[in-house]
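Trainee: The chain contents come next:
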Amino acid sequence: MLRIDRRYFYHFDWIFLLLLVAVSSMALINLYSASYPPSPWGMPPYIKQCYLFLMGMAGILFILFFDYKELHFWNYLFYGFIVILLLLVLFVGDSAGGAQRWINLGFFRLQPSELAKLMLVVTLASYYSRKEDDDGYGVKEMVAPVLLTFLPFLLILKQPDLGTALMLGIIFVSMTVFAKVRWQVYVLGLILGGGAGVFAWFYLLRPYQKRRIETLLDPAKDPMGQGYQILQSKIAVGSGGVSGQGYLEGTQGHLHFLPERHTDFAFSVWGEEWGFAGSLFFLGVYFAMLFWGLYAAMTARDRFGVFLCFGVVMLIFWQAVINLLMILGFLPVVGIPLPLVSYGGSSLLTTLLGLGILMNVRMRRFQTGQNMEKVKQK
Amino acid sequence: MKWSCYKNLEELSESDDADLDSLKRRIFYAVFIVLCFAALIFVRLWFLQIHKGEEYRDRADNNRVRMRVIAAPRGNILDRKNREMVTNRPTFNVVFVREDSNDVDELIKHLASTLELDISTLWEKLRSAEGKPRYIPVRLLEDVDWEILAYMENHNQDFPGIRIEIVPARVYHYKNVAAHAIGYLGEISRKELEARDPEVYSGGDLVGKMGLERLREKDLRGEKGSSSSEVNARGFEQQLLKNVEPLPGNDIQLTLDAELQKVAEDLMDISDKAGAVVAMEVKTGRMLVLASNPVLPLDQFVGGISHKNWNALLENPKHPLINKVVQAMYPPGSTYKMITAMAGLATGAIDKDTVLYCPGHYYFGNRRYHCWKRGGHGAVNLNRAISESCDVYFYQVGLRVGVNKLAEFANKFGLGHTSGIEMEHEKSGLTPTKEWKEEKYKKKWQEGETLSVAIGQGFNLVTPLQICLMTSTIANGGKQYLPQLIEKVTDPDGKILTRFKPVIVDELKGEQKFLPQIRAGMEEVVQGRHGTARKVRIEGLTIGGKTGTAQVVRLKQYKNMKEEDIPYKYRDHAWFTCYAPAEDPEIAVTVLVEHGLHGGSGAGPVARAVLEAYFGERLQQAAEAAGEKREMER
Chain A
98 MLRIDRRYFY HFDWIFLLLL VAVSSMALIN LYSASYPPSP WGMPPYIKQC YLFLMGMAGI
158 LFILFFDYKE LHFWNYLFYG FIVILLLLVL FVGDSAGGAQ RWINLGFFRL QPSELAKLML
218 VVTLASYYSR KEDDDGYGVK EMVAPVLLTF LPFLLILKQP DLGTALMLGI IFVSMTVFAK
278 VRWQVYVLGL ILGGGAGVFA WFYLLRPYQK RRIETLLDPA KDPMGQGYQI LQSKIAVGSG
338 GVSGQGYLEG TQGHLHFLPE RHTDFAFSVW GEEWGFAGSL FFLGVYFAML FWGLYAAMTA
398 RDRFGVFLCF GVVMLIFWQA VINLLMILGF LPVVGIPLPL VSYGGSSLLT TLLGLGILMN
458 VRMRRFQTGQ NMEKVKQK
Chain B
18 MKWSCYKNLE ELSESDDADL DSLKRRIFYA VFIVLCFAAL IFVRLWFLQI HKGEEYRDRA
78 DNNRVRMRVI AAPRGNILDR KNREMVTNRP TFNVVFVRED SNDVDELIKH LASTLELDIS
138 TLWEKLRSAE GKPRYIPVRL LEDVDWEILA YMENHNQDFP GIRIEIVPAR VYHYKNVAAH
198 AIGYLGEISR KELEARDPEV YSGGDLVGKM GLERLREKDL RGEKGSSSSE VNARGFEQQL
258 LKNVEPLPGN DIQLTLDAEL QKVAEDLMDI SDKAGAVVAM EVKTGRMLVL ASNPVLPLDQ
318 FVGGISHKNW NALLENPKHP LINKVVQAMY PPGSTYKMIT AMAGLATGAI DKDTVLYCPG
378 HYYFGNRRYH CWKRGGHGAV NLNRAISESC DVYFYQVGLR VGVNKLAEFA NKFGLGHTSG
438 IEMEHEKSGL TPTKEWKEEK YKKKWQEGET LSVAIGQGFN LVTPLQICLM TSTIANGGKQ
498 YLPQLIEKVT DPDGKILTRF KPVIVDELKG EQKFLPQIRA GMEEVVQGRH GTARKVRIEG
558 LTIGGKTGTA QVVRLKQYKN MKEEDIPYKY RDHAWFTCYA PAEDPEIAVT VLVEHGLHGG
618 SGAGPVARAV LEAYFGERLQ QAAEAAGEKR EMER
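Protein chains in written order, with the numbering used here: chain A, 98 to 475; chain B, 18 to 651.
Just so you know, these hints were derived from the structure itself, not from any lab. Hints may be right or wrong, so weigh each one.
Across the chosen pairs, the derived CB separations fall in these ranges [said to hold, decoys possible]:
| no. | chain 1 | residue 1 | chain 2 | residue 2 | range |
| --- | --- | --- | --- | --- | --- |
| 1 | B | D122 | A | Y305 | 19 to 25 angstroms |
| 2 | B | F49 | A | F178 | 33 to 39 angstroms |
| 3 | B | H172 | A | H353 | 19 to 25 angstroms |
Bear in mind the structure is a predicted one, so any value in this text is a computation, not a measurement. Just so you know, even glycine gets a beta-carbon here, dropped at the ideal spot from N, CA and C.
Make the full structure from the sequences, and use the hints.
Mentor: Written out as structure tokens, the structure is:
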């Protein structure tokens, strides 16, 4: 349905684009500082991220040409494709730090688990929008979405990547609760979830993963390991004070006290250099973008659109919350990036594609309504 | 398939308008949840950045700024002729900052194998530092040579956490000369650390532990410097932020004469004598020699004395740790007879021509008191009594004036109380009185005891310094000067902070007219035909002096033994005190040799050597002049 309608231009949500560009610009500015001084070899991260951002924008533009309805169809192909990629990663993937998560494409190392998050949002949106039940879903209806979630969940857990796997679980729970389920499902879910948790703790979790959780409960136990990273992050953010140390002046980041300063802990650098005022401004814009996303969900023309927008916002929201709470010392180091801010191509592309879908829904908010009016007039 | 999807959907959207609304209404719950988390993050940010902002700012600074303390060189110690006695040299220590190393195990192994060191001693040093903060450097090697130094400086990238620390250490140019007066340094103890200003001192500092190093710690210590540099998380220094140079301590010039002191100590040392040699300027109170033998091995204290060496010092029967100049008390023996003579003259009990008969003994009460000369001195006047040290003469003088008068005059000459010299644990000595005995022993004074006191035995106790002060007071005409050993204190810029000023503590009023009579007797001791210290005589120099023998024990079993056969610790102490030149006295010299038997033979030669060294140049000139004169006459 490649139809270019001039109304789309008027219906396009320029405010949302503005918020997105604002967040991305601040993220790139921050990334320059977080990877400063530039290393003498290779492409500096902020340049790479810049290219990927432009690529992502191109992707959004491409998505906008198609009605999101098409996803009902393409979804199955995406799902199969991502599962194949996840399987591929297990066999031929690049590994780093004891985990095998990447497929090397030469110019770019793709992390299929990132794409899997978006894929899950689209899949669940598609499923819940087509199957509706006024009283909420019963146990029988939940079998399909649970299985659809469980397959990529297991594959990602196997890499191992506990953080991303948990992300899938959180997306599943958010969207399912949002779709409304019967109380039996909650009871069963709690029992099964709790059982799985206990089982995982004793049989599935690797020692380093357990240690991370233990460190959270008692940070003093391990001051030079996981606790060290969180402590340094707290020192970085805290030392920002009201107005920050100044751009490129943060000592925690530039003297390498902060671990992973351009990926997971990128916001620590922002907090250190821009202080409370800067952090509030940044998070204000960031959350405004999320609220605007929820607003897009509320104005969507149909169930599928609502679920898509809601899912994409939840995808970004939960990652952001987990990342921020980790940086601020409330959660263990789980390896969840701050979407749009942390350096990482797969995460950035996934987020932008998700937002592209969201903008798509928003842009086409009136379409069905007009159709329906026409139908009613008939 | 595509089309069927669309159809489906359009049908759905038509029929489920109400359902869509209820779905959209549920978005408000999501908005609420997002708001909650936003609020949580807001509050947390406020807590970290505003509430605890200062604290975290400090911690960030602590993270990145490393301050190194630079020890200040202590002040130099010079002798009266500006000869360097104690100065500093830089020593290079290999230290290890545990915080800066990721793998302590590997590093220690690497260090031990490259420098061919015993790995267990390195581990021992690390273990001893357990419990101290990890950023405090641990000393692994002290005073390394330049080869190790150059290697470590060139390969510092191979040894993360290892650094070279430059610390000034004391150099003793005159080895152990004046060791008791100068003292030594040691690491500050926990107790001292608690008692002192934490701004100035910190653990591991060297502080004066004895002598002037301790008493003049404030002058000598200087001010520490510091260098602050920025380090990254791996401990590598990025840039220097601030550098404060240390301020060296003040230099102290002593009144002591290093060469003279050395003569005295060496002479005592060669003949293996324990005791003290004291010399002072009689007209100022400047101390020239303050020697206590055996000397302290100062170099053993550099970098901390070993347990073994310390025990050896403690157990040495000659007590090298005691500064015998002021910390040991002995009966003054016959050197006390000048006090008795003075008391006799001043009270009118005798005059210089009073003749008393000495048959070799004196009966008092039911007892027979011996003169040291069993045959007796016959008829004796003051001059002969002093020069031949007749005990019977002074027994009678003592009886005539009484013990309290003796004590009064002893005090006037500096006995029985501390002098106030800048030395630690100075003993006051003892000049007994009747009241003192009643107080102390609850017993009445026996007149017979006055006889013992009159010849310097009995309860009498003095320090070698006191006898020197007494001699000095006799020689200078009755002025008791405060003995001082610091000529001047100079700050690093050369500004003089304090300068020697003579201080008169006490002065004879009127009685000084009798002093020449006593001095005449003392000159006879050295210059006279029957003097007890004829051996001390120096050609071209008139010396006044007095020998003394301090009884250690009075045991019957040793009475008839030959002196050489008496066990060392029961032998008498030997005194000799003198001044010169007799015509216009300049210096007083006092020598005490523990268990040295006789003043003239045991202590005299040491005093003679000191005088010779002091007057050496002048004596030579005089001798040359005399020789020329003789030539001319011929």
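Trainee: Under the constraints set out in the numbered hints, which ones does this structure not fulfil?
Mentor: Per hint list: zero violations.
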